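Next come the chains, spelled out residue by residue.
2 protein chains.
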Amino acid sequence: MAPKKVLDPENINENIKKLVYAVRGELYIRASELQKEGKKIIFTNVGNPHALGQKPLTFPRQVVALCQAPFLMDDLNVDILFPADAIARAKHYLSYTSGGLGAYSDSRGLPGIRKDVADFIMRRDGYPSDPELIFLTDGASKGVTHLLNILIRNENDGVLCPIPQYPLYSATIQLVGGTLVPYYLSEEAGWGLDVKEMRSQVLEARKKGITVRGLVFINPGNPTGQCLSEANLRELIQFCYEEHIVLLADEVYQQNIYQDERPFISAKKVLMDMGPPYSNNVELASFHTVSKGYWGECGQRGAYFELTNMHPKTVDELYKVASIALSPNVPGQIFVGLMVNPPKPGDISYPKFAEESKAILDSLRRRAHMMTDGFNSCRNVTCNFTEGAMYSFPKIKLPAAAIAAAKRAGKAPDVFYCLKLLEATGISTVPGSGFGQKEGTFHVRTTILPSEDDIPEVMRMFKTFNEDFMAQYEGPQSRL
Amino acid sequence: MAPKKVLDPENINENIKKLVYAVRGELYIRASELQKEGKKIIFTNVGNPHALGQKPLTFPRQVVALCQAPFLMDDLNVDILFPADAIARAKHYLSYTSGGLGAYSDSRGLPGIRKDVADFIMRRDGYPSDPELIFLTDGASKGVTHLLNILIRNENDGVLCPIPQYPLYSATIQLVGGTLVPYYLSEEAGWGLDVKEMRSQVLEARKKGITVRGLVFINPGNPTGQCLSEANLRELIQFCYEEHIVLLADEVYQQNIYQDERPFISAKKVLMDMGPPYSNNVELASFHTVSKGYWGECGQRGAYFELTNMHPKTVDELYKVASIALSPNVPGQIFVGLMVNPPKPGDISYPKFAEESKAILDSLRRRAHMMTDGFNSCRNVTCNFTEGAMYSFPKIKLPAAAIAAAKRAGKAPDVFYCLKLLEATGISTVPGSGFGQKEGTFHVRTTILPSEDDIPEVMRMFKTFNEDFMAQYEGPQSRL
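Each protein sequence line maps, in turn, to chains A and B. At position 219 of the first sequence the residue is numbered 219 (UniProt numbering), and the sequence of numbers has no breaks. At position 282 of the second sequence the residue is numbered 282 (UniProt numbering), and the sequence of numbers has no breaks.
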């Protein structure tokens, strides 16, 4: 017999073994296998717009291409292929670097880009922002990891997370050895946050010896799509003040809003509006990225976080952690710069940029409606409207016979349903259990990202599958 | 009094507080301050070639620029600015993606690039490599973090690291809560590895209840610049086999070789050459990057690691950890693809590519000699030749009066020396204590990356400073 490996699965870091990352979990792996076998797969498991056909915005790509190949700007013919404002912008960003895109930047990112981010936040919120408290990161997940890592000292430190939640949070809390303290969102109340629920979960956690030190919220919601009201955010901040909790604001979908009643409002702005003792005490980290919005530049890994009310020495400690990886990728930093300072009216590239971004956002808004309406037309399926973000999270009322069949197959009922959906249609979703859901309820998360032309067919395939599934486990539609 | 912060520096993760990252430590921070005040700083603290004027290779930048702006390839004028083989290569890499550079790839990286890496390893070593065991990462540090994270379960798990070592290792071992077990390199023996020393350190560690599970080595060495012989690598592998230790091979400088006696040989090749029971048992992870070599594309964050003899389930667990960050940056992956498959003789772009890369390597070789000779011409300074990598690591014999002055200033003697050097000359180095050194010896790490034209002046400034320093603390040069 071969000797046991040093890295035998029995002998590795337990936190890694325990963590679950559903977005790239069993469903994704099965979908990848089917794709290898030649089946056409519609990947709606991750918010990855370009993978489903969204075209990149032209101007930012022109600028970054020129930054990658600055020698083009020494060629007299460069203006045949590039507009003058893209050339000017590329030169501007290169002046932020010492050595172009190939040189490490400061571990927090290029000072010039951090200044541009601070200016953007100032314009957005009406309150000053300090570039020294802005960190650029390789995607927002990296920033979240840094914050959770510094916050969590051991398994008795807890972080409140919404249920359903994006599994980045549960996975990272597990990885760094802390405890997730759930607070349930109310599906009936449009997935709103309920501070009473949070308070009772904190009390419950304390009884178990857990110190709740952080609270994650996602606005607009993932996977739940709700947009939080200002009143709701005020309650949340008051709660964090009273309970001495750091607020982690996942605001990566701030450009993805599909209704007009509740425009995006940042936690920073609400906090500052509230004045002392909130505005000068509540510790806040807010995350934003180029992967979402109308940009969808997921593969570039560009993001930032802003710190508010943090102890200066703690900021230094975060700087030290960021330094281990030396530098976030520099092209991604340029994308962040472009996101916070897009072309303005009067710029050569403005009309095209405005047209492209409006077309994407308008289409996402239509798709949000098409998918919600589609799900609500299906037997045993109900779905809140996607007010923001990129996801639809319908509730599926699974018949008892289906639950029993799932049990026989050794699968969670929603995993069973999603696997059947995948095999029948090629639609790759994530089961609600990957995000958490109230005991006895079952959900499916899809993105709203299939192209607008494809959605009717995707929804038709879903409806047919669902009808067949329900007929198999519940009998023919009684209302027919 | 303001209430104590949740993230008060007293109340954060202890492992973060304890970790030290010298490359971006006190010296770097002081250098940044001086730069802000207008002083000209020569940053030799990090191996960051483009920051010191090295120009990027043209062909890879052309290819990546086209991948960023694929619409250029629909323009009939594209061939005015781009050669045909760059266009063909860009199309080829885009065919590896689903949605271009803006889409997340698989968490291990694009399958096409991983296949190209495996082919490169096969050509380099003469042994097959499996793309499923290759992970692309945002810089090699990210891969090292994954491996140390899965290896270390608690503070009783130890990892052997060379002293002097690159502080990524000490910092990451501290971050994930393990114990660094030092093995000292022998400066007198050209910084060679001594297996007897390792064995005694393992015994020592065991007495303290530490299980040594991993061994890091860096070849060519950082900061020490030595190139390991095949015989030395065989001893190392035999030792890891006998002691049941995973080998972490930092081989990021494999293209940076400045002597002909010991060309680079990979740990994978030596392992496979040794045959069973070594070749089928010793667990190995090997790291490589686009940040070093003649590429120096640090800011792009492109790298890979290859796993050998790992348990398949452990590979799955690593995949899960990589999935938390969803995807390494895709432009960086394209750079890895280009590094492992550069232009070949007969390609349009080959002559230029060959000329550019040869010029860089030839110059680095000359610079390695210039710096070593320069240091050895200084009073109280001795320096082993930089056989490979990008660093010079001279030993400074500090006079007793300087050590006493450092003590009065509350600084380690080598930090004191480096700060004085910085203030006097603007040369930003890293003190040997940041890498570890034998008790009572003092070193300075510089890169050999200042441009060839600048090096004589840099060495002249160093020599003058050093002479003044020694004269101040030891009196005038006695041999004069």
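Bear in mind the hints are in silico, worked out from the structure with no lab data behind them. A few of these clues could be false.
Below, a list of computed lysine-lysine pairs in the DSBU-like style, where the Cα atoms sit at most 35 Å apart [to be verified]:
1. K55(B) <-> K36(B)
2. K320(B) <-> K411(A)
3. K4(A) <-> K40(A)
4. K313(B) <-> K407(A)
5. K4(A) <-> K407(B)
6. K4(A) <-> K352(A)
7. K55(B) <-> K438(A)
8. K55(B) <-> K352(B)
9. K207(B) <-> K320(A)
10. K320(A) <-> K352(B)
11. K17(A) <-> K269(B)
12. K91(B) <-> K352(A)
Simulated coverage check for chain A against chain B, where a stretch passes if three residues somewhere in it have a Cβ under 8 Å from a Cβ of chain B [unchecked claim]:
13. 92-100
14. 296-309
Example chain B residues on the side facing chain A (calculated, C-beta under 10 Å, incomplete) [unchecked claim]:
15. V6
16. A65
17. G99
18. S186
19. E230
20. W295
21. G302
Just so you know, these numbers come straight off a predicted model, no measurement behind them. Backbone N, C-alpha and C define an ideal beta-carbon position, used for all residues, glycine too.
Problem set entry | Interface hint outcome for V6(B) [beta carbon to chain A under 10 Å] | holds (5 Å)
Exercise. When you check the alpha-carbon spacing of K17(A) and K269(B), does it fall within 35 Å?
Worked result: holds (31 Å)
Exercise. CA of K55(B) to CA of K438(A), is that 35 Å or under?
Worked result: Violated, because 57 Å separates the two Cα atoms, which is more than 35 Å.
For this session: Decide if the proposed pair is consistent with the structure: K55(B) and K36(B), CA atoms, cutoff 35 Å inclusive.
Result: Given pair K55(B), K36(B) holds - Cα atoms ~25 Å apart, limit 35 Å.
Exercise. Has the given pair, K55(B) with K352(B), been kept, meaning a C-alpha gap of at most 35 Å?
Worked result: holds (13 Å)
Exercise. Are the Cα atoms of K320(A) and K352(B) separated by 35 Å or less?
Worked result: Not satisfied, since the Cα-Cα distance of roughly 40 Å exceeds 35 Å.
Exercise. Does K313(B) pair with K407(A) here, judged by a C-alpha cut-off of 35 Å?
Worked result: This hinted pair holds, its Cα atoms lying about 25 Å apart.
Exercise. Holds or violated: W295(B) as interface residue toward chain A, Cβ cutoff 10 Å?
Worked result: Because about 8 Å separates W295(B) from the closest Cβ in chain A, which is inside the 10 Å limit, the hint holds.
For this session: Decide if the proposed pair is consistent with the structure: K320(B) and K411(A), CA atoms, cutoff 35 Å inclusive.
Result: holds (20 Å)
Problem set entry | Verdict on chain B covering the segment 92-100 of chain A, where coverage means 3 or more residues with a C-beta closer than 8 Å | Since 4 is at least three, the answer is holds.
Exercise. Does K352(A) lie within 35 Å of K91(B) when you go C-alpha to C-alpha?
Worked result: holds (25 Å)
Exercise. Within 35 Å, alpha carbon to alpha carbon, are K4(A) and K40(A)?
Worked result: Not OK: K4(A) and K40(A) at ~40 Å, beyond 35 Å, violated.
In summary, the structure is inconsistent with hints 3, 5, 6, 7, 10, 18, 19 from the numbered list given earlier, while agreeing with the others.
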